[in-house]
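Engineer: Sequence:
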Amino acid sequence: MRAFIRVGRIAIGLAMIAPALWLAGCSTHAETPDPIRPAIVARPQPAAAEAGMLYSGDVKARYESALGFRVGGKIKQRLVDVGAHVKAGDLIAELDPQDLNLQAASSKATVAAAEADLAMAKSERDRYSALLEKHFVSATQFDAVDNKLKAATARAAEARAALNVAQNQAAYSGLRADHDGVITAISAEAGQVVAAGQSVANLARDGEREVEISVPEGRIADYRKEQTATVELWAESGKRIDGMLREIAPEADATTRTYRVRVALGEGSDAVKLGQTARVYFAGAGGDDAHVIPLASLYEKDGKPAVWVLDPKTRQVHLKPVTVSAYREQGVLLTAGVDTQDWIIAAGVHKLREGQPVAPVDGGNRPLSL
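Residue numbers (mature numbering (1 follows the signal peptide of the UniProt record, and there is no 0)): -30 to -1, 1 to 340.
If you're looking for bench data, these hints aren't it; they were derived computationally from the structure.
Even glycine gets a Cβ: it sits at the ideal position worked out from N, Cα and C.
Any given hint might turn out to be false.
[What the hints assert, rightly or not] SDA-like mimics (lysine to any residue), calculated; alpha carbons at most 25 Å apart, straight line:
#	residue 1	residue 2
1	K290	T305
2	K274	G318
3	K271	R285
4	K209	A234
5	K30	E206
6	K243	A155
7	K46	D150
8	K274	A296
9	K46	V164
10	K271	A234
11	K30	W204
[As the list claims (entries may be wrong)] Restraint-style ranges between C-beta atoms, simulated for each label pair:
#	residue 1	residue 2	range
12	H105	N134	42 to 50 Å
13	K57	N138	16 to 24 Å
14	D272	G236	45 to 53 Å
15	V294	S169	42 to 50 Å
16	N138	A160	17 to 25 Å
Construct all of the structure, not just a fragment, from the sequences and the given hints.
Structural biologist: In structure tokens form, the structure reads like this:
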């Protein structure tokens, strides 16, 4: 009986193990290799200019002036808007000329009265001169009449000068552009009463363009007038314009503690627009060996910077240490580790491993033939 029970237990155990062995046999298969994943690659770009100091600034006109009336009054009309291009002599705004015209008319009447007095004094002197020759009047009486003529002559000259001033002031009721340029700001409107010399509009002259930057006081000693620079417009990345440091402010701004520096633009600046954002590069030492790579290309191993470099023959990636010089807006500046002939992984570097094969693609996800 015991033997029968032992045999039954063995049979039940075998019956339970058999399905498990069958399932294990079904799940056994050969390991499949990881698929070759695409990877965006790029070449390090030479960055001789970026190896120095970089500053951001705005494009401004070399000559920019605030225009105002030479007399006070109430603005009758404004004929231009911000952004309007004007020629020298174009009317920008006009004052109500009524009071100025009345002043001119009053001065004109004063001149007429002074000239009438002058004519009377001249006639009186001529009469006394004839009487003096006949000894009908004394020399003292003649001198008094002669002095009256001189006073009348002076009053007439004064009245004519006052008339010229009044006429000029009447002509000053029109504010005109003194040079060709662009209106960059309007600070007064029709109906507003303005004083003589008060700014009404800002005019940026046509012609020379400059980039204004701010340099910290700790670095201002590194720059001098006529120092060369390279300018790159933010809206036209990659296009470089030669520049020259033209002006350094004699004192720092009281708020920012930076010095205002102006960099004049050279050839190729005809299409530059006022107010555009620009980068100004001043070359530094060791710039010929510098390269710039995308920020997403930088990898870190054991606390040290590195990049993944692609072997064009094996299509495998290998980690290569690099030396970081600075971080710029357009990428990371390297002074050692890579060259313009290398292909580096430009994105997804944290998902790679040493010796991993990849399929290189460009930024538009198009396959590359290296």
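Engineer: With reference to the structure, classify each hint as holding or not holding.
Structural biologist: Evaluation of the provided hints:
no., hint, in the structure
1, K290 - T305, "holds (14 Å)"
2, K274 - G318, "holds (18 Å)"
3, K271 - R285, "holds (22 Å)"
4, K209 - A234, "holds (16 Å)"
5, K30 - E206, "holds (17 Å)"
6, K243 - A155, "holds (15 Å)"
7, K46 - D150, "holds (24 Å)"
8, K274 - A296, "holds (14 Å)"
9, K46 - V164, "holds (11 Å)"
10, K271 - A234, "violated (44 Å)"
11, K30 - W204, "holds (15 Å)"
12, H105 - N134: 42 to 50 Å, "holds (44 Å)"
13, K57 - N138: 16 to 24 Å, "holds (23 Å)"
14, D272 - G236: 45 to 53 Å, "holds (46 Å)"
15, V294 - S169: 42 to 50 Å, "holds (48 Å)"
16, N138 - A160: 17 to 25 Å, "holds (24 Å)"
Going down the numbered hints, you'll see the structure goes against just number 10.
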